[in-house]
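Let chain A serve as the given structure and place chain B on it in line with the hints.
Protein chains: 2
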Amino acid sequence: MNFSATSDLKEIRSAVNQELLNFVAIENKYLNEIGSELAPVAQAMERFLLDSGKRLRPLFAYIGFLGTGTEPTPQILRACAALELVHVCALMHDDVMDASDTRRGAPSIHKAFEAMHGAEKLSGSSAQFGISAAILLGDLALVWSAKMLHQSGIDGETLIRALPMYDEMRVELMAGQYLDVYEQALASESVERSLKVARYKSGKYTIERPLHFGAALGGANQDLMKTYSNYGLPLGEAFQLRDDVLGIFGNPEETGKPAGDDLREGKRTVLLAKTMELADEKSKAEIKGALGNPDLTITTVAKIREIIINSGALTEVEELIAALTSSAQSALEHGEIDPLAKVALEQLLTIVTQRTL
Amino acid sequence: MNFSATSDLKEIRSAVNQELLNFVAIENKYLNEIGSELAPVAQAMERFLLDSGKRLRPLFAYIGFLGTGTEPTPQILRACAALELVHVCALMHDDVMDASDTRRGAPSIHKAFEAMHGAEKLSGSSAQFGISAAILLGDLALVWSAKMLHQSGIDGETLIRALPMYDEMRVELMAGQYLDVYEQALASESVERSLKVARYKSGKYTIERPLHFGAALGGANQDLMKTYSNYGLPLGEAFQLRDDVLGIFGNPEETGKPAGDDLREGKRTVLLAKTMELADEKSKAEIKGALGNPDLTITTVAKIREIIINSGALTEVEELIAALTSSAQSALEHGEIDPLAKVALEQLLTIVTQRTL
Chain A
5 MNFSATSDLK EIRSAVNQEL LNFVAIENKY LNEIGSELAP VAQAMERFLL DSGKRLRPLF
65 AYIGFLGTGT EPTPQILRAC AALELVHVCA LMHDDVMDAS DTRRGAPSIH KAFEAMHGAE
125 KLSGSSAQFG ISAAILLGDL ALVWSAKMLH QSGIDGETLI RALPMYDEMR VELMAGQYLD
185 VYEQALASES VERSLKVARY KSGKYTIERP LHFGAALGGA NQDLMKTYSN YGLPLGEAFQ
245 LRDDVLGIFG NPEETGKPAG DDLREGKRTV LLAKTMELAD EKSKAEIKGA LGNPDLTITT
305 VAKIREIIIN SGALTEVEEL IAALTSSAQS ALEHGEIDPL AKVALEQLLT IVTQRTL
Chain B
5 MNFSATSDLK EIRSAVNQEL LNFVAIENKY LNEIGSELAP VAQAMERFLL DSGKRLRPLF
65 AYIGFLGTGT EPTPQILRAC AALELVHVCA LMHDDVMDAS DTRRGAPSIH KAFEAMHGAE
125 KLSGSSAQFG ISAAILLGDL ALVWSAKMLH QSGIDGETLI RALPMYDEMR VELMAGQYLD
185 VYEQALASES VERSLKVARY KSGKYTIERP LHFGAALGGA NQDLMKTYSN YGLPLGEAFQ
245 LRDDVLGIFG NPEETGKPAG DDLREGKRTV LLAKTMELAD EKSKAEIKGA LGNPDLTITT
305 VAKIREIIIN SGALTEVEEL IAALTSSAQS ALEHGEIDPL AKVALEQLLT IVTQRTL
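Note that the protein sequences, when read in sequence, are chains A and B. Just so it is clear: in the first sequence, position 306 is 310 by my numbering, and no numbers are missing. Just so it is clear: in the second sequence, position 40 is 44 by my numbering, and no numbers are missing.
Source of the hints: derived by calculation from the structure; they are not laboratory data. Small disclaimer: the values here were computed from a predicted structure and weren't measured. It is possible that some hints are incorrect.
Claimed, not checked - For lysine-lysine, the following DSSO-like pairs were computed, each having C-alpha atoms within a straight-line distance of at most 30 Å:
| no. | chain 1 | residue 1 | chain 2 | residue 2 |
| --- | --- | --- | --- | --- |
| 1 | B | Lys-125 | A | Lys-292 |
| 2 | B | Lys-33 | A | Lys-200 |
| 3 | A | Lys-58 | A | Lys-200 |
| 4 | B | Lys-125 | A | Lys-200 |
| 5 | A | Lys-230 | B | Lys-33 |
| 6 | B | Lys-307 | B | Lys-200 |
| 7 | A | Lys-200 | A | Lys-288 |
| 8 | A | Lys-125 | B | Lys-292 |
| 9 | B | Lys-125 | A | Lys-125 |
| 10 | A | Lys-33 | B | Lys-230 |
| 11 | B | Lys-200 | A | Lys-33 |
| 12 | B | Lys-14 | B | Lys-346 |
| 13 | A | Lys-125 | A | Lys-261 |
| 14 | A | Lys-125 | B | Lys-288 |
| 15 | B | Lys-125 | A | Lys-288 |
| 16 | B | Lys-14 | A | Lys-125 |
| 17 | B | Lys-288 | A | Lys-286 |
In isolation and in its complexed conformation, chain A is listed as follows:
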């Protein structure tokens, strides 16, 4: 990879993957030295990272850096790749919190360790062992992220410039996750509240903060930071709204989750809140009956989809996605960004709102 020129997203993603695998290989060697009992941990971490993943946060960080016009280095790429391990933590812990059995078509971490416990005929509860392992693997991923960043080889001054953004990103992630969990428990039907969760969970964590992190690595000025916020916040909300649509309408082969999984989990999304605003009483009762039912049939999922479409909620959400995307696009037009980075940010805009890479 030529660090001085490329802003090709696939090339960057492939280089990010390589950095992650290099880091995990060294760390796994260390885990195995501590004890062979840690081999399943090492294998699970590697398998999780090898599974497809869009590497959105490293991509946004790296493009955020390129936008400053500073010459990139392998060390910078490595620092950006470290953000993916924060996301690994979020996903592993999320699956425990949502009691999700699968992740990208494979067993989630707690399910994999629950199965290992059963297969080895270990003592105590297999489910509890699985949960404990997933909590610890998530914690380890969070710590590994910091270690990878610290050891990336970037100089001290650059590192210290980026740490505040790195910290904000992680605090906002945890706060956003709590808001999300609480929102589900409230069984809220408020569009406004759902949008707020989307803002913290995705607007800031997935797009704005990674861009700021990369920008800080490159020594950005306040104008560029502002442009990234104007681009990142609406785009992040659009990203979450697309996620909500896919959670109910997505193709299992593409999402790696069963059809209508968000309904089974009882997720309170903007799409559902809009539907509750617009649908008639009978339809609303049907949705309430279906939400959070783990044994929901494909027939009921189809019925709920019909209600969402007929209520006009899907159209409204698609219009909202389009408006947010257009607002992000316009921020790019008005900001002063390195031209190569601008092209890449336009591509990323399409990727996160349409989900193809």
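Chain B only, in chain A's frame:
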């Protein structure tokens, strides 16, 4: 507090507490700005920190720094205090993994949020909500620790010198925790394996690495690092062994846990492994029957205590604690350490092996 002179542990501990409360007050203000829904998170974090806690890791770090003979500052104290938040994460997640209902005599975090879910009549499973909240609060504590360290005000060069030790400490903690969880699941009776868990869980995480962290902040040479290892590793094992003894023989008023709680949780400790080596078949069967039974009566706890004493295991473990403590003591005699720090390390040695502060 006079930073140029004191090595009084109570004074340092009180200053550490103040730094932690200052930090959490600012962070909680930020959480409340994100949303009033986060108020219970903020309150729980503060309550958890206000509860008594020995602050062992900040103390070892600060004394580790003093040992270098470098002049201390409020910024250094703040950086050392940040280690406590790593421990808060460990405790919150540990209670989920052990399904412990109490911590220091109060409800554990997952139990407190489970109760809140019930009281607010929220939707979904109260137990699952409690677990989700405890996972996220633990994650937040881990992230806050890093933020507190980064913002401590120490200069960049000092921070960068200490980060590798900070990272090692956290990786070893997570690895040690997994070894511990796996050990319980193996229902292992191996003294050697239990000692290895003690080494990672406590030897390194509680004592050696905090000392190294403080030493790195003070720009220590390799000799002092080695002395700290020679002191910290045996002392950490002694600390864990004392913990094991208290887990079965401790006074609930002092431990904040019900009498014999380790038996109910089925903890595989060195004390139990020794007992299984030494006791007769009938006694071993009794122990096996009792271990991991959550409804264990106080009568059975008393019976098991008798078996442990009569087998000679308690005496052997007390001898092991004494030998490890003496080995730590001798490391202090032979190492080159600032005299004030040496006195404090001798006091800490008594505190962690006898548990009074």
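Comparing the hints with the structure gives:
1. For a cut-off of 30 Å, the pair hint linking Lys-125 of chain B to Lys-292 of chain A stands: about 17 Å separates their Cα positions.
2. A distance of roughly 18 Å separates the Cα atoms of Lys-33 of chain B and Lys-200 of chain A; the hinted pair therefore holds under the 30 Å criterion.
3. Only pairs whose Cα atoms come within 30 Å are accepted, and Lys-58 of chain A paired with Lys-200 of chain A is accepted, the gap being roughly 24 Å.
4. Using a Cα cut-off of 30 Å, the hinted pair Lys-125 of chain B and Lys-200 of chain A holds, with the two alpha carbons roughly 23 Å apart.
5. Between Lys-230 of chain A and Lys-33 of chain B the CA atoms are separated by roughly 24 Å; this keeps the pair inside 30 Å, and the hint holds.
6. For a cut-off of 30 Å, the pair hint linking Lys-307 of chain B to Lys-200 of chain B stands: about 28 Å separates their Cα positions.
7. Between Lys-200 of chain A and Lys-288 of chain A, the direct Cα distance comes to roughly 23 Å. Compliance with the 30 Å bound is thereby established for this hinted pair.
8. Of the supplied pair hints, the one linking Lys-125 of chain A and Lys-292 of chain B holds, its CA atoms being roughly 17 Å apart against a limit of 30 Å.
9. A threshold of 30 Å between alpha carbons decides the hint, and for Lys-125 of chain B with Lys-125 of chain A the separation of about 38 Å lies outside it, so the pair is violated.
10. Between Lys-33 of chain A and Lys-230 of chain B, the direct Cα distance comes to roughly 24 Å. Compliance with the 30 Å bound is thereby established for this hinted pair.
11. Between Lys-200 of chain B and Lys-33 of chain A, the direct Cα distance comes to roughly 18 Å. Compliance with the 30 Å bound is thereby established for this hinted pair.
12. Only pairs whose Cα atoms come within 30 Å are accepted, and Lys-14 of chain B paired with Lys-346 of chain B is accepted, the gap being roughly 16 Å.
13. In summary, the hint linking Lys-125 of chain A to Lys-261 of chain A is supported, as the alpha carbons are separated by about 29 Å, within the 30 Å threshold.
14. For the proposed pair Lys-125 of chain A and Lys-288 of chain B, the alpha carbon gap of about 21 Å is at most 30 Å, so the pair holds.
15. Of the supplied pair hints, the one linking Lys-125 of chain B and Lys-288 of chain A holds, its CA atoms being roughly 21 Å apart against a limit of 30 Å.
16. Pair hint Lys-14 of chain B plus Lys-125 of chain A does not hold up; C-alpha atoms about 48 Å apart against a cutoff of 30 Å.
17. Among the hinted pairs, Lys-288 of chain B with Lys-286 of chain A is inconsistent with the structure: their alpha-carbon atoms are about 64 Å apart, more than 30 Å.
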